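**Student:** Sequence:
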Amino acid sequence: MPRTITSSMLHGGPLRIWSALTDPDHRRAWSPLVLLDNPGQLGDTRGTFAIQGINRPIRTPARIDQFDKPRAFAWSCGIPYLFTLEERYELAGDDGGTRLTHSCTLRGALSLPFAAMMLRRLRSLMIEADDRLATYLRWRVGQPALGINRQRVPSRYRRKAR
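Residue numbers (full-length UniProt numbering): 1 to 162.
No wet-lab data here; the hints were simulated from the structure. Treat the hints with care, as some may be off.
[Stated by the list, open to error] The calculated label-pair distances, taken between Cβ atoms and stated as ranges, are:
1. M1 / W139: 19 to 25 Å
2. N38 / R132: 38 to 44 Å
3. S124 / T48: 18 to 24 Å
4. D65 / I127: 20 to 26 Å
5. G96 / R59: 37 to 43 Å
6. A115 / D94: 34 to 40 Å
7. A29 / A116: 32 to 38 Å
8. D68 / A116: 29 to 35 Å
9. R59 / R138: 29 to 35 Å
10. P113 / I5: 17 to 23 Å
11. D95 / P57: 34 to 40 Å
12. D65 / L110: 18 to 24 Å
13. R99 / T60: 27 to 33 Å
14. A116 / N38: 32 to 38 Å
Keep in mind the model is a prediction, meaning the values are calculated, not measured. Ideal Cβ positions, reconstructed from N, Cα and C, are used throughout, including at glycine.
Kindly produce the complete structure, drawing on both the sequences and the hints.
**Tutor:** Now the structure itself:
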């Protein structure tokens with residue numbers, strides 16, 4: 001089975017990265033290879049491929065295969081035993097940083113004939129998606145955290161910075 005793998009070190013802990021991978025709003029913000037309708041639970045869902053050069057997005061049935069919070073997330077789509085694409089994210093680390101291993105595997109009878117044509121392009125798309133995820137996570141870290149019962153302090157009570 002043809003497979004391509006990328007690996008990168010990301011800012012933030014595994015839970016922060018996990019939410020960026022599995023929450024639909026976060027996924028839309030960094031736009032991965034495929035937008036999944038319901039990436040938050042095991043089972044059937046639908047996915048949308050947004051391919052450059054094609055005006056209408058391609059919709060397809062998909063399946064969340066692994067949902068092991070915050071260590072592994074995998075989904076697949078295609079025609080079983082003929083041609084399927086599986087995308088997997090594996091996380092390892094702590095709050096200082098997390099290693100993301102991202103892989104795409106082609107399975108089925110037609111995977112070998114299509115592998116030579118698809119793997120190089122698929123790898124470049126994976127690297128692009130990983131870069132967008134890393135940029136999104138750096139941006140999120142720079143945003144102020146919203147605390148519970150956080151109130152705006154009137155300017156007359158604030159101290160001037162020295």
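**Student:** Are the hints correct? Go through all of them and say.
**Tutor:** Outcome of the hint check:
1. Between M1 and W139 the Cβ separation comes to about 35 Å, which falls outside the hinted range of 19 to 25 Å.
2. Distance hint check for N38 and R132: the Cβ-Cβ separation is about 21 Å, which falls outside the suggested range of 38 to 44 Å.
3. Between S124 and T48 the C-beta distance comes to about 20 Å, which sits within the given range of 18 to 24 Å.
4. Our hint of 20 to 26 Å for D65 and I127 holds, since their Cβ atoms are close to 23 Å apart.
5. Our hint of 37 to 43 Å for G96 and R59 holds, since their Cβ atoms are close to 39 Å apart.
6. In this structure the supplied range 34 to 40 Å holds for A115 paired with D94, their Cβ-Cβ distance being about 36 Å.
7. Distance hint check: the CB atoms of A29 and A116 are about 34 Å apart, consistent with the given range 32 to 38 Å.
8. Look at D68 against A116: about 32 Å separates their beta carbons, and that is inside 29 to 35 Å.
9. Under the hint 29 to 35 Å, the C-beta atoms of R59 and R138, about 31 Å apart, fit the expected range.
10. For the pair P113 and I5, the supplied restraint of 17 to 23 Å holds, since their beta-carbon distance comes to about 21 Å.
11. Under the hint 34 to 40 Å, the C-beta atoms of D95 and P57, about 36 Å apart, fit the expected range.
12. Between D65 and L110, the C-beta spacing of about 20 Å keeps the proposed range 18 to 24 Å intact.
13. At about 30 Å, the beta-carbon gap between R99 and T60 stays in the expected band of 27 to 33 Å.
14. A beta carbon spacing of about 33 Å between A116 and N38 agrees with the range 32 to 38 Å that was offered as a hint.
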